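Enquirer: One-letter residues, chain by chain:
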Amino acid sequence: MLKKVCAVFLVLCCPALLSAGMLVIVAESSPLAQMDRHEVRQLYMDNASRFGGYTVTVLDMPEGSQQRERFYEGATGKSASQLKSYWARMIFTGQGMPPRQVKNARDMVQQVKQNPGAVGYVQESDLQEGLRVLLRLP
Amino acid sequence: MTTTTRMLVPAVLLLAPVVQAQSPASLEDMERRLEQLEMQQYEKQNNWSDRLSVNGFMTYGVTRHDVHVRANNGDPIDYIDRTTDEISHRELSRAGIQFNATISDETSATVQVLARGRDDYDAQVQWAYLSHDLSPSVTVRAGRMVLPFFMHTQYNNVGYTYHWATLPGEAYDVVPFDTMEGVDLSWNLNTGPVSHRLNVYGGATDVPSFSLPAPVVYEVSELTGINLTSQWRDWTSWLSYSHAEVTLDLTDLAGPTGLPVAALEAPVSLDEAQTYISSVGLQYDNGAMVLMAERTQLGIEGWFPTKWGGYVSAGYRFGPWMPHVTWGAANAHGVSEAQSEGPVAANFSAANQVRSKSWTLGLRYELEVGVAVKLEAQRFYDMSNDKIMTNGLFTPQGSAPSIEEEEPTVFRLTVDAAF
Chain A
2 MLKKVCAVFL VLCCPALLSA GMLVIVAESS PLAQMDRHEV RQLYMDNASR
52 FGGYTVTVLD MPEGSQQRER FYEGATGKSA SQLKSYWARM IFTGQGMPPR
102 QVKNARDMVQ QVKQNPGAVG YVQESDLQEG LRVLLRLP
Chain B
5 MTTTTRMLVP AVLLLAPVVQ AQSPASLEDM ERRLEQLEMQ QYEKQNNWSD
55 RLSVNGFMTY GVTRHDVHVR ANNGDPIDYI DRTTDEISHR ELSRAGIQFN
105 ATISDETSAT VQVLARGRDD YDAQVQWAYL SHDLSPSVTV RAGRMVLPFF
155 MHTQYNNVGY TYHWATLPGE AYDVVPFDTM EGVDLSWNLN TGPVSHRLNV
205 YGGATDVPSF SLPAPVVYEV SELTGINLTS QWRDWTSWLS YSHAEVTLDL
255 TDLAGPTGLP VAALEAPVSL DEAQTYISSV GLQYDNGAMV LMAERTQLGI
305 EGWFPTKWGG YVSAGYRFGP WMPHVTWGAA NAHGVSEAQS EGPVAANFSA
355 ANQVRSKSWT LGLRYELEVG VAVKLEAQRF YDMSNDKIMT NGLFTPQGSA
405 PSIEEEEPTV FRLTVDAAF
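Those protein sequence lines, which keep their order, are chains A and B. Remember, the numbering used here sits 1 above the position in the first sequence when you count from 1. Remember, the numbering used here sits 4 above the position in the second sequence when you count from 1.
Since the hints were derived computationally from the structure, they do not count as laboratory data. Given the structure is predicted, the values throughout are model-derived calculations rather than measurements. It is possible that some hints are incorrect.
Here are the simulated distance ranges between beta carbons [what the hints assert, rightly or not]:
{"#": "1", "chain 1": "A", "residue 1": "H39", "chain 2": "B", "residue 2": "R86", "range": "43 to 51 Å"}
{"#": "2", "chain 1": "B", "residue 1": "T251", "chain 2": "A", "residue 2": "N105", "range": "52 to 60 Å"}
{"#": "3", "chain 1": "B", "residue 1": "S141", "chain 2": "A", "residue 2": "D108", "range": "24 to 32 Å"}
{"#": "4", "chain 1": "B", "residue 1": "L232", "chain 2": "A", "residue 2": "H39", "range": "16 to 24 Å"}
{"#": "5", "chain 1": "B", "residue 1": "F103", "chain 2": "A", "residue 2": "S66", "range": "23 to 31 Å"}
These stretches of chain A come out as covered by chain B in the derived footprint (C-beta under 8 Å, 3 or more residues) [claimed, not checked]:
{"#": "6", "region": "37-49"}
{"#": "7", "region": "71-84"}
{"#": "8", "region": "88-95"}
Built from N, CA and C at the ideal position, the CB exists for glycine as well.
Kindly produce the complete structure, drawing on both the sequences and the hints.
Expert: And the structure:
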């Protein structure tokens, strides 16, 4: 019985456990219609400024956040340290800079809502009206 | 909410009755205005932090080898001109910092300064260039840049980016490389699921060398090159070819060698000798397993031997731990052909020959994201055959006895960070 209570308590307190996958999001008014995992990977690893003929701004969660780790694990299969190594190669050879990092999930939602060209990601529990899901990552 | 916007809140509230007296504004209107002010303030801060970025990297390392026999002059045997059988805290240690300023949406300026322990931490500018995006996929840069000869050369000082403590010596220390002054153009393109980066460049540089009786400088002009990086899923391939004209005035060696100046003029001195540098490489990284292989080659017209180097490396990540193993080899040919250029050229050719093989066993531990500790041992063998008598990348035979029987091993321990 105690175990069941603990399990229910954990599930209630940790919505993250229920929704491990991350959602790739844009504003409802965004012209972007859909994106597959390969395209999301390319968009984030290139910090691309164009996608499907549109100008886009790729937004990232802060380094060290759990959502960021889960997103990259799902989209690219890379761990935080592999990502760090990848961006160090890009930065110190002048081949690119990583995507702009927002402050937190609330900031991510706000910025994506306000910018029709923005692409971001959130966990299921942070999804709000005014946002459209382009892809659900594993 | 920032301090400025905090101060703006009471101001807006104080002004509210005045505003209301002129045109009745609802609470919603004022909230909207406040939000706008907050956004403006946020955008200002954002713009500033977007315009300038500072990144850095650092390595602290210790290294030594285990060959205790002495060179003919009584000095310790050295590995790549520097590492000896005594622990060096300086040889591998270095720090770099990079500033990147955005001038406009398309243009930016980058400066990277590197201070190496082996140079007494005298700071040198490795990168200093202006970059301009001609289109979202085409970028042109002009200024000082690290030469893109081989797969890892451009980030060879950023130890955190690779699993070894140092890049494989057979490929990366056989050809001296550093920076050039010039222009490059990069084009990012996709062909189906494969993404490519095509880079072409042109410029000039000087390469100092210490393999002859006194330091000499190879003047490298008309330097042009092309390289292609292609990525498909977990695979990355690398192809590069560079061409240059090399001028090498050896008449200054008359003093140190005691030879008459006439004996050191052309064809011993090189005058715009046609030179090529090429490399082909492949990488696989699925997140757990890492495989890498590369072959590099340098050829200079005249008495200079044609040198090639290469390695095959494999590693596997177990959480933060990554054991890895690497086999490397380097060789040279064309030394006997140099006889036709005369005995002096033949001697200089022999002084530039290389032959070496090695096994490297290493362990990388990810202390935290951005900091790695690496430990490795590299054992050298097969440095001579019936045609070539060398000590590999150690003090050459002629200046030292053969060291192959000593089973030479180089040990390295580094802590690498990127931030």
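Enquirer: Sort out which numbered hints this structure fails and list those numbers smallest first.
Expert: none
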